[in-house]
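Engineer: Listed below are the residues making up each chain.
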Amino acid sequence: MACFLVPAGVAIGTTVAQKVVESKEKKVGGEGTTKTGLSWSRKLSWLNKLLWGGTILLALEHVWHGEVVPWPPFLTAMENPAEVAPMLHEMATIGVGMAIFVTIVWAIIVMIVELKAKAMPEAKVKPISGGE
Amino acid sequence: MWLIMTALAAVITTAIWYVKAPEGKYKLGLLSLIFWGATLMWFVDHVMAYLAEGGEFFEINLDATLLGISVIIFALVIWEIALLVSDPRGVLKRMRKGE
Numbered sequence: 000m001a002c003f004l005v006p007a008g009v010a011i012g013t014t015v016a017q018k019v020v021e022s023k024e025k026k027v028g029g030e031g032t033t034k035t036g037l038s039w040s041r042k043l044s045w046l047n048k049l050l051w052g053g054t055i056l057l058a059l060e061h062v063w064h065g066e067v068v069p070w071p072p073f074l075t076a077m078e079n080p081a082e083v084a085p086m087l088h089e090m091a092t093i094g095v096g097m098a099i100f101v102t103i104v105w106a107i108i109v110m111i112v113e114l115k116a117k118a119m120p121e122a123k124v125k126p127i128s129g130g131e
Numbered sequence: 000m001w002l003i004m005t006a007l008a009a010v011i012t013t014a015i016w017y018v019k020a021p022e023g024k025y026k027l028g029l030l031s032l033i034f035w036g037a038t039l040m041w042f043v044d045h046v047m048a049y050l051a052e053g054g055e056f057f058e059i060n061l062d063a064t065l066l067g068i069s070v071i072i073f074a075l076v077i078w079e080i081a082l083l084v085s086d087p088r089g090v091l092k093r094m095r096k097g098e
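Those sequence lines, one after another, are chains A and B.
The first sequence maps to residues 0 to 131 in numbering that gives the first Met the number 0.
The second sequence maps to residues 0 to 98 in numbering that gives the first Met the number 0.
Because the hints were derived from the structure by calculation, they are not lab data.
No experiment lies behind these values; they were computed from the predicted model shown.
A portion of the hints provided could be inaccurate.
As the list claims (entries may be wrong) - Only part of the chain B face toward chain A is listed, based on derived beta-carbon distances under 7 Å:
| # | residue |
| --- | --- |
| 1 | V10 |
| 2 | L32 |
| 3 | I33 |
| 4 | G36 |
| 5 | L39 |
| 6 | D44 |
Built from N, CA and C at the ideal position, the CB exists for glycine as well.
Here chain A stands alone, though its shape is the one from the complex:
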């Protein structure tokens, strides 16, 4: 119904957080804030891409299934008062579940990257590029 709106909200928050962290890192004057040479703004950009990518593709799926329309109120569930409560329930369960699951997977990725860097000899640790 509208479950993708929850990850979209989280994505807005993490995008703002990334911009704030990025400006703070610029002020301090160094990108390599962790042992991997990866800044927190870069790591947050992975989370943003996961959340925004998922949100956009899920929005397409909702349009495909006629749950989102290009005219107000945009969500077909909003047209019928009886469907509003199930929609909110779906957002609170599936939507929140999606946002939490994506964030957990991202945290695991970050943890693995950090652990791999710690296991490497000091001389071999170079800033990683290519993750965009």
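With the hints as your guide, set chain B onto chain A.
Structural biologist: For chain B alone, coordinates are given in the frame of chain A:
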């Protein structure tokens, strides 16, 4: 079906990104993260719907397949727009200069 197709696209894109890494010129990392984001979200959606309502875990029919194809095309379009905006090979820049 769209979950399977998106997951397949995510796996293939990640493999290509890894082969090309650490060079991130063509933003393959962005494409794979878009696919992975959608795959993870649809996975949660499928699991929760299956636990709540039961029935088939995967919807396998023509409509679901067409949706899967549309999703992949849409993600590729987003990636290509990002690629054209960043223009890593300077193709658009050279075209503007009339080369």
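Engineer: If a hint holds in the structure, say so; if it doesn't, say that too.
Structural biologist: Cross-check of the supplied hints:
1. The criterion of a C-beta within 7 Å of any C-beta in chain A is not met by B/V10, whose closest approach is roughly 15 Å, and the hint is violated.
2. At a threshold of 7 Å, the smallest CB-CB gap from B/L32 to chain A is about 4 Å, leaving the interface hint in force.
3. Taking 7 Å as the C-beta contact cut-off toward chain A, the hint placing B/I33 at the interface holds, the least distance being around 3 Å.
4. Because the closest C-beta pair between B/G36 and chain A is about 3 Å apart, less than 7 Å, the hint holds.
5. Residue-level restraint check for B/L39 holds (minimum Cβ-Cβ distance to chain A is 5 Å; threshold 7 Å).
6. The closest approach between the C-beta of B/D44 and any C-beta of chain A is roughly 6 Å, which is under the 7 Å cut-off, so the hint is satisfied.
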